[in-house]
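Q: Residues per chain, in single letters:
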Amino acid sequence: MIRSAVALAAVGLLAASLLWVAGTMPVEVAPASARIAEKLAGTGASHPVTGVLLGFRAYDTLLEVAVLLLAVAGTAAARAAPAHAPVPVRAHPVTDPALRGLVPVLGPTMVLVAGYLLWAGTHAPGGAFQAAAVLAAASILLALSDVLPAPDADSRAVRVALAFGLAAFLLVFHLGALPRALLAVESALTLSIALALACLFGARRP
Amino acid sequence: MTAALAYAAAGIVLFCLGLYALVAKAHLLRKILAVNVMASGVFLTLVGLAQRGGAPDPIPHAMVLTGIVVAVSATAFGLALLRRLHEASGADTLEEDRGE
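For the protein sequence lines, the chains are Z and Y, in the order given.
Once you know that position 122 of the first sequence is 122 in the working numbering, the rest is easy, because the numbers rise by one and skip nothing.
Once you know that position 75 of the second sequence is 75 in the working numbering, the rest is easy, because the numbers rise by one and skip nothing.
In case anyone wonders, no lab produced these hints; they're calculated from the structure.
Source: prediction; values computed, not measured.
Any given hint could be a false lead.
Unchecked claim - Reference excerpt, derived from the structure (chain Y facing chain Z, CB under 8 Å, subset only):
id: 1; residue: Ala-6
id: 2; residue: Ala-10
id: 3; residue: Val-13
id: 4; residue: Leu-14
id: 5; residue: Ala-24
id: 6; residue: Val-37
id: 7; residue: Met-38
id: 8; residue: Val-47
id: 9; residue: Arg-84
Just so you know, even glycine gets a beta-carbon here, dropped at the ideal spot from N, CA and C.
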């Protein structure tokens, strides 16, 4: 009771001060968007956000992929040993008509949408992370409807594929070829990130 | 008050709501959800503040994209830890929160 009241007061004070700061913050005199527009051609992308992600702040993107891999490692480590938590395979078949009807339609569509998002990322909103998110969602859908099991982070092949995207990014980044090989690097990243997200949220029906 | 400022203010309010829930609620799943709400608040504030000038500033947009992925990873890891805690001890709150 006391703790809730103190927390409420403290949070209210924080909210008031943050709102005051946001209201009185001066708008910058030389906006970054103008400076970015000048140098965008050098990054190999024609959309400013993609240019920032994979050109000016490529290091952030690199570390972000590394954090994702770290989360996969942590989640795999936090799992109970297989002897204690056996995965029931096909406990009972999928009978939900909506699921059975939707999966043949949605599955291929999601893969196509992911491919389009990956390609569109160079000149419109899109790119590796968006495509990977759609692919991971497709993987979860397939796992939930017993079509294809979610990838298992314990297998050697999956681990190599997970590391492949980060390794390709690092290699191309250090060779200085990022502007030329942007789509190739983004494709490698999409594969790794989609696999990582699918491993993280590997769906099992109860 | 411009539209951009309204989005930033909404983001700040979301952040503070999430922070309160993080501190005040005992159930661990609620804490994980509260952290997600705080993250959404931060993203909304970043995007709102980026629109105040004439042309939208793309750097905060890229930071939000990075932030979404990191928030998703952290949520997945938190959920895995919570699940393991529950399997190991049957608890879904922390020691210090159980007294209340």
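Q: Does each hint hold? Answer for all of them.
A: Here is how each hint holds up against the structure:
no.	hint	in the structure
1	Ala-6	violated, 10 Å
2	Ala-10	violated, 10 Å
3	Val-13	holds, 6 Å
4	Leu-14	violated, 10 Å
5	Ala-24	holds, 5 Å
6	Val-37	violated, 13 Å
7	Met-38	violated, 11 Å
8	Val-47	violated, 11 Å
9	Arg-84	holds, 5 Å
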